[in-house]
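Q: For reference, the chains in residue letters:
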Amino acid sequence: MTDTPLSLRSGAETLAAPFPPLLAEAEHLAATVLVGDHGRRRAGVGDTFWQYRPAQNHDGLRAIDWRRSARSDAQFIQEKEWQIAQSVQLWVDGAASMSFASTKDIPTKAERARRLALAAAILLLRGGERVGLAGDTLPPRRGEAQLTQLATLLSQDTDSDFGTPEASGLLRHSRALFISDFLGDIETTEAALTRAADRDVRGALVQVLDPAEEAFPYDGRTIFESMSGSVTHETLKARDLRDRYLERLAERKDRLATLARATGWQVHTHHTDAPASAALLWIYAALERRP
Amino acid sequence: MLTLGPLGFTAPWLLLGLLVLPILWLLLRAVPPAPTRRRFPGVALLLGLTDSDSQTDRTPWWLLLLRLLAVAAIITAFAGPVLNPQKQTAGTGPLLILADGTWADAGDWARRIDRMDAALADAARDGRTAALVTLTDLPPEPPVFQDAQAVRQRLASLTPAPYAPDAEALAAWAAQLDGDFDTFWLSDGLARDSRADLLAALERHGTVTAFESPQPVRALRPATFEDGAVSVTVLRSAPGRATQTAVTAIGLDPAGVERRLASAPAAFDAEATSATATFDLPPELRNRVTRFEIAGLRSAGAVSLTDDGLKRREVALLAGATPREALDLLSPLHYLRQALSPTADLIDGPLADVLLANPDVIILSDVATLTDIEAEAMLDWVEAGGLLVRFAGPRLAASDVSRSDEDPLMPVRLRVGGRSIGGAMSWGEPKALAPFADTSPFAGLPIPEDVTVSAQVMAQPDPTLASRVIAQLADGTPLVTRKSAGDGAVVLFHVTANAEWSTLPLSGLFVQMLERLAVSTRPSAPDADELTGTTWQIEEVLDAFGTLDRADTLPGVAGEDLASARPSATLPPGLYAGEDRRIALNVTDRDTELAAAVWPARITVEGLDVQRETLLKGWLLAAALVLLTLDILASLALSGRLRGPRAGSGAAAGVLLTLALGMTPGDAQAQDDTFAITATSDVVLAYVITGDTRVDEISDAGLYGLSNILFQRTSIEPSFPVGIDIETDDLALFPFLYWPITADQQLPTREAYGKLNRYLRTGGMILFDTRDADLARFGSASPEGRKLQAIARGLDIPPLEPIPEDHVLTRTFYLLQDFPGRHPGRDVWVEAAPAGAERAEGMPFRDLNDGVTPVVIGGNDWAAAWATDQLGNPLVPVGRGQAGQRQREIALRFGVNLIMHVLTGNYKSDQVHVPALLDRLGQ
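In order, the protein sequences belong to chains A and E. In terms of full-length UniProt numbering, the first sequence opens at residue 1 and continues consecutively. In terms of full-length UniProt numbering, the second sequence opens at residue 1 and continues consecutively.
Keep in mind the hints are simulated off the structure, nothing from the lab. We treat Cβ as the ideally placed atom computed from N, Cα and C, and that holds for glycine. Any given hint could be a false lead.
[Claimed, not checked] Computed from the model, here is a short list of chain A residues facing chain E with C-beta under 7 angstroms: (1) Thr222; (2) Ser226; (3) Leu241.
[As the list claims (entries may be wrong)] Computed beta-carbon distance windows for the label pairs: (4) Pro60/E to Arg199/A: 57 to 63 angstroms; (5) Asp725/E to Gly143/A: 41 to 47 angstroms; (6) Glu214/A to Val31/E: 34 to 40 angstroms; (7) Leu921/E to Gly60/A: 55 to 61 angstroms; (8) Glu214/A to Ala916/E: 50 to 56 angstroms; (9) Arg713/E to Arg53/A: 46 to 52 angstroms; (10) Pro275/A to Gly691/E: 28 to 34 angstroms; (11) Trp61/E to Arg239/A: 20 to 26 angstroms; (12) Pro60/E to Glu13/A: 53 to 59 angstroms.
[Stated by the list, open to error] Per the computed footprint, the stretches of chain A lying under chain E, defined by three or more beta-carbons under 8 angstroms from a beta-carbon of chain E, are: (13) 140-154; (14) 180-194; (15) 213-220; (16) 229-238.
Just need the whole structure built from these sequences, with the hints factored in.
A: This is the structure:
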């Protein structure tokens, strides 16, 4: 089952509804930072009131707040809070491996990943951030129109078995959110994250796994196939493989965590049978967190 | 047909199919189970992993064996196996079929008829003539041998008789026999003296074959009454296994419909031939029992009719208030009690209660005055057939009762004072009794010498007095007077019921007089003397199958015959009615013992069952089906399809197997225990299952949410809530019940009401929630409210009031004044404070120290406000925004307070807490 852009959008809106707008913290005042609504807790250019201060010599008459000044003898200037905006770039794995669901009752990994990504995008956009896709397809922009584009592009599948993280076209000093199962070649992820770290991009990795991938509830003579059928593995006693498979999975998670620690990213593993809101809350916190 | 031992095959050639099995073995062995193909993204992680030990890719031998067995079973089944194939043996000459035809045959009469039919059919096939005779219904002439087919026609009208064969008639009949014939004797299995003679007579004419049912014969002895309990003895003809037999008491219910009144088990020891079932019945029930039956046995022996011997009259005893803690022997009721307790059921209590019990007799001992209401009720009771017996005494003598006008509840008018004879201050001797007149009910009773009367109350001379006196003293003064009122009667003993005024209560005459007055019950079995010269009409007659029929057309029976207590053709068992009593005649009496018939070794005794051909085809096919089902499961298990996320087919096979094998779910008793243990090992909040799925879900989620909050905030750590079916589950295990009311829920049954009331009385609490926010108008406005009223009508609910400000619910954990649920607080009703509770000066609340309110009634839909899912997210919106959050919080606090109140009672009502509470209230 694949989401249409419309259903994906409405699902994500529902998921994002209970959260207040997410304000990603700008790590540096850098070239990517435009005037937005991130309060910097200091006076500067912005929309919201910051403080009144006595007028100085260099202040022009136009800067004087006459309403405040009329209440006393001195002249006052109204200062605004300095506000900036941040760019967040998303990459959601659209490969065939993501379209797996072990039972009919739980969504596929791809559905869950897209819903999470778009919900995060909605929160970020509401918070005044600029959101785009990693790569060249959709550079970060603000506004509702961007959501529609995001939804359309997120709904596209790719043909390959396992996805490769897209680290090209990341803006310097921006934020990124990668959602995938990270079951493919770990080297590509490693390369992408290293490249992102080089450009001083921090972000969050969300590993979406199906409960069956964690439990490996198989038994007997079995031929395992990848989703497109290109990779197969035959065993006579699937139950025997379980421990070793789980070992490898733990090793993979550990590798991801190590990688993330080295590059200043954060990792979270999400299972499709758990509610999406828990993962969204984690993303919300991860993107909001100050370094 | 091919025969191998007890097995025969109708189509033996099909057995050659078994030769295929080895080939099948080779074929199946070569084909391993097919692998499963599974899509699995994690395959990338599996690459390079090899199997630790290479498992064979052949089918395992045991699975092969299973399949081969199944195939073998099918092949054998179609070969038509037969167990015990019949071999015919033919006899010659006439055949006499002899049936005992007693009540002991009735239990399996149909099978006996079948057996006779089979024997006659055989005789007809062999061209033998036959005759059919039942010993309880002997023909006057010797047996006439006819064509067996013609005799078969008579079988359908053959019935057993509810008595034993008459030995004399049997001997006479046996003497008439002549000619040669074989005998086929269907014995009822009971030892009987006449049997040996008859057998000898029959053997003179040919061979005798006996047929007997292997089942021991069972019968009931008449019921006896001992020490307040009725015991019924079950007999069996042969000792055997230790078994239990259920005995049922049957009688009319208050509506006059015959039904089972009670049932009790009689447990046979392995070597015993009798066992006793004891019925401990309340007198009302016991008096209604008309017969006892062995459950599930159709025979006159299995039915024991009861008569007056078992009925006990209920006698209510009332005395005037005893002024001091008197000695027992001075008690005005002591002698009455002694005289009556062996033969009657005594009732004590205030008059109003006693009248409700509607006893047969009320005895007032020296009770002078009754209130108007009591007197009126008493008069109604007497006119409806009650017997009021009054005894005089100092109080009655001193009162004005029946002085100038005759009291309706007194048989005569009394003169002032009474008289005292033979005392220190009087002339004369204490008076003896005069012989009873013929018209008196006491007629014929011998009067002991030592019965004297030294004081009595005197009757006012009156035109009607003479006709009312039923016993008098030697000088002609009335001692006992009686008048009838309506259907009942009022009797006055002019002396006290104790030995103060006379020695009458000390004598046996007293008991006999009471008996004659029908105050007490007569001893059950009448002796032959008593029966001589009387005629008895049979009312209901018992047939051999144990069914009762009206018997209005049968002639009367002489008492002498009845005294013999031997049922016969002229004296069928049943219920006989005399002038004033009824006697039951059963097929057994008190001394009956059953013994199995003993046959000499030369006689062939066969069981009733013919060894019949048993076709095994169905069984073998069923076995094959079971084996194949097992094979499905085993194959699924081998290929890993029984486990894993898509194990639907495996589960289906499991269900199939369960159905195929007819497994029953675990023992109900064990389940009950588990339920009770789960419910009591922790605090468990419970809700009543309404049958409305949505409401039940919300109740469950609500109590789950509340349990969580309790766990987090208080020292109450409940486990998961449970749903309760008030009809079947034990309520006593739960301290608290949440009962959401739906408009269409079922009213509880009478038993459930009993349980609920017991629950409320013993400290349980029910929170009724109409969920319509409208209870403030007390109910009738909404369907739920009306339903609540309907439900509550049967409950023992105390007076209610809206929660007062100082109710302990407002401070058991949180300080609350408002009790919202999903709907904001309307009035919530609890048990009203006792009238007159005052608030002491300077105290924040009244001193109400008693009890937990058994019910809390409201309509705020609390469960909805408490409801959360497993992750703690609320399920139902409450209010709007922050105000809604606050309302949910208060609702939860109400829940916490409520459970605290349930579990700690009025602990917070203790004034010890006043300083702390005052402090928290900021005063």
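Q: Can you name, in rising order, the numbers of the hints this structure does not satisfy?
A: Those not satisfied are hints 5 and 13.
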